[in-house]
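For what it's worth, my numbering labels the leading residue of the sequence shown as 1, then goes sequentially.
Hints are computed from structural coordinates only; laboratory data are not their basis.
Hints may be right or wrong, so weigh each one.
As the list claims (entries may be wrong) - What follows is a list of derived Cβ distance ranges for each label pair:
#1 62 to 30: 16 to 22 Å
#2 104 to 31: 15 to 21 Å
#3 78 to 106: 30 to 36 Å
#4 32 to 82: 25 to 31 Å
#5 82 to 104: 20 to 26 Å
#6 69 to 22: 16 to 22 Å
#7 92 to 65: 17 to 23 Å
#8 31 to 83: 14 to 20 Å
#9 30 to 106: 16 to 22 Å
Cβ coordinates follow ideal geometry from the N, Cα and C atoms, glycine included.
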Amino acid sequence: MSENKEHNHDHEHDHDHDHEDTHEYITIVNEQGDEELYEILFTFDSVDYEKSYVLVFPASSSEGDEVELEAFSYQETDGGLEGTLSPIESDEEWDMIEEVLNTFIEEEEE
1 MSENKEHNHD HEHDHDHDHE DTHEYITIVN EQGDEELYEI LFTFDSVDYE KSYVLVFPAS
61 SSEGDEVELE AFSYQETDGG LEGTLSPIES DEEWDMIEEV LNTFIEEEEE
């Protein structure tokens with residue numbers, strides 16, 4: 001995911017993040033069937049796409065390391081304790097996610 005693009009899209013979305021030092025984790029089963037622990041950077045809902053999204057990075061990362069963020073749309077089940085992750089389906093969705101990520105980064109730097 002490139003963070004250098006300029007976007008002029010108008011999307012409505014809600015951020016669901018706080019500025020406390022609480023960390024939330026999610027276990028993702030990879031293609032080989034291995035479980036990997038990821039830390040949730042933040043989640044948000046998109047009115048335009050009528051989906052919820054989660055941005056995660058490997059929990060094994062150390063602070064200061066360059067990490068590769070992964071983004072998924074998700075559907076919660078079992079009272080929010082479990083859910084189904086789905087890949088991002090279009091370039092338009094990726095553009096919207098990058099715009100939200102850039103806004104999140106700007107807010108964190110303030």
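(message) Check the structure against each numbered hint from earlier and tell me which ones fail, lowest number first.
(response) Hints 2, 4, 7, 9 contradicted; others consistent.
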